[in-house]
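Chain by chain, the residues:
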Amino acid sequence: MTTDQRSRRVAVVEHRLVNPPAGGLDALAELERRGWGVVALPPAGYPAAVARPLLAQVATHVEEFVRHGYVVIVVGRHPGLRPALARLGVPDPEAIAPRTSAELGAFLDVRGQR
Amino acid sequence: MGRRVAFVAHCLLNQNAKVIGGALCPGVYSPLVERLRAAGWELEQMPCPELAFTGLNRFWAVREQYDTRAYREHCRTIARAVAGAVAIRTAAGDEVVVVGLEGSPSMGVRITSSDPERAGRPEWPDGAGELTPGRGILVEELLDELRERGVATPRAIGIGHQLPDHDPDSEREELDVFLAGP
Chain E
16 MTTDQRSRRV AVVEHRLVNP PAGGLDALAE LERRGWGVVA LPPAGYPAAV ARPLLAQVAT
76 HVEEFVRHGY VVIVVGRHPG LRPALARLGV PDPEAIAPRT SAELGAFLDV RGQR
Chain S
391 MGRRVAFVAH CLLNQNAKVI GGALCPGVYS PLVERLRAAG WELEQMPCPE LAFTGLNRFW
451 AVREQYDTRA YREHCRTIAR AVAGAVAIRT AAGDEVVVVG LEGSPSMGVR ITSSDPERAG
511 RPEWPDGAGE LTPGRGILVE ELLDELRERG VATPRAIGIG HQLPDHDPDS EREELDVFLA
571 GP
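Sequence order for the protein chains is E and S.
Each number in our numbering corresponds to the 1-based position in the first sequence with 15 added.
Each number in our numbering corresponds to the 1-based position in the second sequence with 390 added.
Bound-form chain S, shown alone (with noise of 0.2 angstroms):
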């Protein structure tokens, strides 16, 4: 039998690379670390997209201000990497998982955030309402990637602790039965 491998998104290992303001925490996200560990999954991390791409010093963004060819390409690069991860691991008989970051412009899972029309001085009122369902960015190119290789579509769950209605107790229900098995 196979290993469980996930795939996290690289800031659940590591909140330093996170937009400033947006760490919840000094390093590691706990409650998702001991969850998957508690259930026997081995840990892969994922890279930035935005770190590498607009550094430490950038700006909260949504979505359409990543959605250009140059970052898509940038997060094409990056799919391509972890799609080899992920190839060698299944073609091992292994069970992968993804784990990304709701809210994210590249990392949602199922939700994303949009709004078409920001753009200029980085000023918006608290509580803009650009949460959106839909997928970030990095997460479409990788289960792209996949596809066009032929590597079966990986489960997946975005992790909401920067969500405004963020309940960690239905999250870790929720994370549970999605570790448990399809």
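For reference, chain E alone in the conformation it holds in the complex (with noise of 0.2 angstroms):
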């Protein structure tokens, strides 16, 4: 058995900012260089009644995380995640809408700390 290597920090993250278009933040790209898992959440364009049952376990699995003492932050948005996260008692986690690379990088630099 290899040594476990899980760094113990999950940024949940925006569809965008995970595939993002040409010229784009690519939050993906970012968190990965730096170690951060990644939950990805679902298009914004998806129908509630898709997106919510996604969201759903999105939401187990931070309660999961957070009850392990996991960092967990949220990289951009998504208006059900947080009716998700509330649904199940879990507190808001520490979220950023960066616009460049670098914000994102001074964001993780200090939570990755923790």
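Treat the hints as calculated values from the structure; they're not laboratory data.
Take these hints with a grain of salt, some might be off.
To be verified - Computed footprint of chain S on chain E, listed as stretches where at least three residues anywhere in the stretch have a Cβ under 8 angstroms from a Cβ of chain S:
no., stretch
1, 39-47
2, 72-81
As the list claims (entries may be wrong) - Chain S side only, calculated, beta carbon under 7 angstroms to chain E, not exhaustive:
no., residue
3, Gly417
4, Val418
5, Leu433
6, Ala471
7, Ala475
The C-beta atom is built at its ideal place from N, Cα and C for all residues, glycine as well.
Join the two chains into one complex using the hints; note that each chain is given alone, in its own frame.
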């Protein structure tokens, strides 16, 4: 068995920041480079009936990571995330809606040291 | 022309979800993400059924230990959620593939883990022969859910980075062929 290499740092990330358009902010690359795990949110364009059960699963994941003391943050937005977390009584994680890689990097540097 | 969308096993973007002892890198499994992005695939992530059911401090387990009615129902709940997204994508004319995790009792596509006798105190010899051809439980439930909805079955492949004979070069070649299309 190899030594477990997990970072205990998890970012819940908006779909368009995982899959950026050409020239868009590539949050996935920044998170990957800095050793964060990614929980990808569903695309903003999905109907609520499709997004809601996916967000419910995201919330259960976040709850479990928080329960074990992992650092959890949100990068970007999804209107259904906060209600999904609230349904499980999970406090909103610290969040950022970054405009640049440098802004995201600075945010990650601080949170990653906790 | 539609997009190309890969629904990937949760842990391939987040190794923090792995069973303790199983995380092969800090977070994102880069070799897969790089190949998918290089070939123009959009990423969606499937939930981790084991994380939500037995938690971060779960034991390593084989398929038979998870194959209960309660776990099947849990996996079907997740499968319904994922199938809803797959259905939207296919209806939009997107090409969809599933990328699972070989050797996993839940996410295996061609290889799962099996030991009908495993039970009790979690000690067993290293190299126990638990790997066996077959699908993981969530992958089975997802394919069943898609079939019941009349959604075309997506092509599927599994990443084998946790298998003892894993060869990154041959896997990269196989992945490239798979992503290039049927």
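These are the hints, each one checked on the structure:
no., hint, result
1, 39-47, "holds (count 3)"
2, 72-81, "holds (count 6)"
3, Gly417, "holds, 4 angstroms"
4, Val418, "holds, 4 angstroms"
5, Leu433, "holds, 6 angstroms"
6, Ala471, "holds, 4 angstroms"
7, Ala475, "holds, 6 angstroms"
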